[in-house]
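Taken in order, these protein sequences are the chains called A and B. Following my numbering, the numbering of the first sequence begins with 1 at its first residue and continues without gaps. Following my numbering, the numbering of the second sequence begins with 1001 at its first residue and continues without gaps.
Heads up, some of the hints might be wrong.
[As the list claims (entries may be wrong)] No more than 25 Å apart at the CA atoms, straight line, and that leaves these computed lysine to any residue pairs for SDA-like: (1) B:Lys1055 to A:Gly28; (2) B:Lys1066 to B:Pro1099; (3) B:Lys1041 to A:Glu9; (4) B:Lys1055 to A:Tyr95; (5) A:Lys96 to B:Phe1028; (6) B:Lys1041 to A:Thr26; (7) B:Lys1041 to A:His38; (8) B:Lys1041 to A:Met10; (9) A:Lys96 to B:Arg1114; (10) A:Lys96 to B:Asp1088; (11) A:Lys96 to B:Met1045; (12) B:Lys1055 to A:Asp92; (13) A:Lys96 to B:Ser1015; (14) B:Lys1041 to A:Gln36; (15) B:Lys1041 to A:Gly40; (16) B:Lys1041 to A:Leu51; (17) B:Lys1041 to A:Phe45; (18) A:Lys96 to B:Lys1066; (19) B:Lys1041 to A:Gln79; (20) A:Lys96 to B:Gly1053; (21) A:Lys96 to B:Asp1065; (22) A:Lys96 to B:Asp1027; (23) B:Lys1041 to A:Ala101; (24) A:Lys81 to B:Ser1009; (25) A:Lys81 to B:Gln1038; (26) A:Lys96 to B:Thr1049; (27) B:Lys1041 to A:Glu41; (28) B:Lys1041 to A:Pro7.
Since the hints were derived computationally from the structure, they do not count as laboratory data.
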Amino acid sequence: GQNIDQPTEMTATEGAIVQINCTYQTSGFNGLFWYQQHAGEAPTFLSYNVLDGLEEKGRFSSFLSRSKGYSYLLLKELQMKDSASYLCAVRDGDYKLSFGAGTTVTVRA
Amino acid sequence: GAVVSQHPSWVICKSGTSVKIECRSLDFQATTMFWYRQFPKQSLMLMATSNEGSKATYEQGVEKDKFLINHASLTLSTLTVTSAHPEDSSFYICSARDPLAGDSYEQYFGPGTRLTVT
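Here chain B stands alone, though its shape is the one from the complex:
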């Protein structure tokens, strides 16, 4: 099946600093990628839809100036958490959709990035 990677797997940063998380589709071109956040014992919440070559679409309540998304190529989307605070500590997961796979195919999820802000 299709593979999506994320880097880094986990990161610890100090409050006030910025952190960049990369999401790559390794064997297909993804025109659309999705970024989710998951707090402990809660489900995945969609943060934004990342579209190659255009601006990301953010879900209600997600600050676009705090969570910067760049989808510069068909295989790479990045999420930058700017001026991170402890409440941003969470599990960030990306997914990618293969537009050639047909409607019956699911999104392929990356392994996730555990962010801890101290």
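With the rest of the complex left out, here is chain A:
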């Protein structure tokens, strides 16, 4: 099985940077994903890491260290619309995703 931990809540100011950490213990690893989910909606894909290092995609970046079982999602130049839940998910060899409990990010003006 998978054990995935991420903080419950984070608050930041508009224009700031926030880093959401995710640690995992897995029985199989085939990639780590970050999703954004607004209340009552389905998750939307943000990023994918399978090798160690940083993946940058506009205002969002994601980092992975497989040896440490650690990833983070970096949100830069925060906007009010970034207020949402951010889900860390680990994929196993059968393409099944296990999700963390999610981190609720609140962006304040």
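Go by the hints and put chain B onto chain A.
Positioned in the frame of chain A, the structure of chain B alone reads:
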């Protein structure tokens, strides 16, 4: 990007009745679809893996006789909640994997179905 639809978007039913939820991949063929359940303020929990032409694989603790899954074609999987009870009220989300898209591609999620059992 790939599109996955779900129908209905929301449904209210009486306790004891059955409800069917459809998940369709609109522009690709999905040999594998996944069904998740999400309770308020909780994360997505995988219920089962739906494989076209074969039986679904259920996660531990999910009753296969209560949550019937049928994946009759490469673009359609259905989840039937049988004899629904109020505790089955939840947000049900399906996802589909495009086997031709390569390993770097994520699963594509449907918009979800809000089920309320009264």
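Going through the hints against the structure:
Using a Cα cut-off of 25 Å, the hinted pair Lys1055 (chain B) and Gly28 (chain A) holds, with the two alpha carbons roughly 23 Å apart. In summary, the hint linking Lys1066 (chain B) to Pro1099 (chain B) is not supported, as the alpha carbons are separated by about 29 Å, beyond the 25 Å threshold. Our distance criterion of 25 Å between C-alpha atoms is met by Lys1041 (chain B) and Glu9 (chain A), whose separation comes to about 12 Å. Between the alpha carbons of Lys1055 (chain B) and Tyr95 (chain A) the distance comes to roughly 17 Å, so the proposed pair stays at or under 25 Å and holds.
For the hint linking Lys96 (chain A) to Phe1028 (chain B), the alpha-carbon distance of about 19 Å falls within 25 Å, and the restraint holds. At roughly 24 Å between alpha-carbon atoms, Lys1041 (chain B) and Thr26 (chain A) fall within 25 Å of each other, so this suggested pair holds. Restraint check for Lys1041 (chain B) and His38 (chain A): satisfied, since their Cα atoms lie roughly 11 Å apart, inside the 25 Å limit. For a cut-off of 25 Å, the pair hint linking Lys1041 (chain B) to Met10 (chain A) stands: about 15 Å separates their Cα positions.
As the CA atoms of Lys96 (chain A) and Arg1114 (chain B) are separated by approximately 23 Å, the hinted pair is consistent with the 25 Å bound. Using a Cα cut-off of 25 Å, the hinted pair Lys96 (chain A) and Asp1088 (chain B) holds, with the two alpha carbons roughly 23 Å apart. Taking the CA atoms of Lys96 (chain A) and Met1045 (chain B), the gap is near 11 Å; set against the 25 Å cutoff, the hint holds. Pair hint Lys1055 (chain B) plus Asp92 (chain A) holds up; C-alpha atoms about 20 Å apart against a cutoff of 25 Å.
For the given pair, Lys96 (chain A) sits about 31 Å from Ser1015 (chain B) by alpha-carbon distance, which is inconsistent with the 25 Å threshold. Our distance criterion of 25 Å between C-alpha atoms is met by Lys1041 (chain B) and Gln36 (chain A), whose separation comes to about 14 Å. With a C-alpha separation of about 10 Å, the suggested pairing of Lys1041 (chain B) with Gly40 (chain A) holds against the 25 Å cut-off. Between Lys1041 (chain B) and Leu51 (chain A) the CA atoms are separated by roughly 31 Å; this puts the pair beyond 25 Å, and the hint is violated.
Pair hint Lys1041 (chain B) plus Phe45 (chain A) holds up; C-alpha atoms about 19 Å apart against a cutoff of 25 Å. Of the pairs offered as hints, the one joining Lys96 (chain A) and Lys1066 (chain B) holds, with about 21 Å between alpha carbons and a cut-off of 25 Å not exceeded. Only pairs whose Cα atoms come within 25 Å are accepted, and Lys1041 (chain B) paired with Gln79 (chain A) is accepted, the gap being roughly 22 Å. Taking the CA atoms of Lys96 (chain A) and Gly1053 (chain B), the gap is about 19 Å. The hint holds against a cut of 25 Å.
For the hint linking Lys96 (chain A) to Asp1065 (chain B), the alpha-carbon distance of about 22 Å falls within 25 Å, and the restraint holds. At most 25 Å may separate the alpha-carbon atoms for a hinted pair to count; Lys96 (chain A) and Asp1027 (chain B) meet this at roughly 21 Å. Note on Lys1041 (chain B) and Ala101 (chain A): the hinted pairing holds, with a Cα-Cα distance of about 8 Å set against a maximum of 25 Å. For the hint pairing Lys81 (chain A) with Ser1009 (chain B), the CA-to-CA distance comes to about 23 Å; that is within 25 Å, so the pair holds.
For a cut-off of 25 Å, the pair hint linking Lys81 (chain A) to Gln1038 (chain B) stands: about 22 Å separates their Cα positions. Distance restraint check for Lys96 (chain A) and Thr1049 (chain B): the Cα-Cα separation of roughly 8 Å lies within the 25 Å cut-off, and the hinted pair is therefore satisfied. Of the supplied pair hints, the one linking Lys1041 (chain B) and Glu41 (chain A) holds, its CA atoms being roughly 12 Å apart against a limit of 25 Å. A distance of roughly 13 Å separates the Cα atoms of Lys1041 (chain B) and Pro7 (chain A); the hinted pair therefore holds under the 25 Å criterion.
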